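> Put together the whole structure using the sequences plus the hints.
Take the sequence shown: its position 178, counting from 1, is numbered 178 in the numbering used here, and each next residue is one higher.
Take the hints with a grain of salt, since some may be wrong.
As the list claims (entries may be wrong) - Computed list of lysine to any residue pairs in SDA-like fashion (alpha-carbon distance at most 20 Å, straight line):
| # | residue 1 | residue 2 |
| --- | --- | --- |
| 1 | K132 | F192 |
| 2 | K177 | T118 |
| 3 | K132 | D151 |
| 4 | K132 | R149 |
| 5 | K177 | R92 |
| 6 | K132 | A154 |
| 7 | K177 | D152 |
| 8 | K132 | D116 |
| 9 | K177 | E109 |
| 10 | K132 | W144 |
| 11 | K132 | D143 |
| 12 | K177 | D116 |
| 13 | K132 | I162 |
| 14 | K177 | P56 |
| 15 | K177 | V113 |
| 16 | K177 | Q117 |
| 17 | K132 | S146 |
| 18 | K132 | R92 |
| 19 | K177 | A89 |
| 20 | K177 | A14 |
| 21 | K132 | D152 |
| 22 | K177 | P59 |
| 23 | K177 | Q161 |
| 24 | K132 | E184 |
| 25 | K177 | L110 |
| 26 | K177 | D151 |
Treat the hints as calculated values from the structure; they're not laboratory data.
If you're wondering where the values come from, they're calculated on a predicted model, not measured in any experiment.
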Amino acid sequence: MTRTRLSIFPLPGALLFPGMHLPLHIFEPRYRAMMSDAMARDRRIGMIQPRPDGDPDDPELFDIGCVGRIAEFEAMEDGRYNLILEGVALFRVVNELDVSTAFRQVEAELLPVEEDQTLALGERSSLELESKRFAEALGYAVDWDSVGRLDDAALVNGVAQIAPFDVAAKQALLESKGISARCELLVQLMQFFGRHDGDERVTLQ
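In structure tokens:
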């Protein structure tokens, strides 16, 4: 497997999958520096979740993240950035590098892209049904006609990216082996997190 050096952006709750897009607003000085460095080199940033309950200033990282290529960016006069990352490939952290930059860098192993990107008809139907129930329970407005036109991978990964699950659940989705397994887990998580207990809704975060 290919190994590469990555500047990383640890952000809880933010998932990125290959082929998907993630909008970001960059305002912290260290990540503004990371942006400048990425634009000068290869336009790549490693999105990865920090493990919960660690040192907030230097959190431990999960092992798996996603390389994002800066597809669009807007530099503001005050130094902030708006950007859209396009997912390139999942990666596994091999080791963290000792660097002088304000942002963290790792040696990473790029993982192969999933080959099977289709669902069985029953899996797709179950996911669409549960997504509608989940969105209704949370009061989300969704253009279901547009959703119905998405291919299977875009539907599964898109819902996984935006659903307000906790960090551990999001990471489990990212690490699922294949689109079918991710779909099954996604349905289970929506059933669990979208439950009502009387008038009490299960906490999402």
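> Go through the numbered hints given earlier and state which of them the structure violates, listing their numbers in rising order.
Of the numbered hints given earlier, those the structure breaks are 8, 14, 18, 22, listed in rising order.
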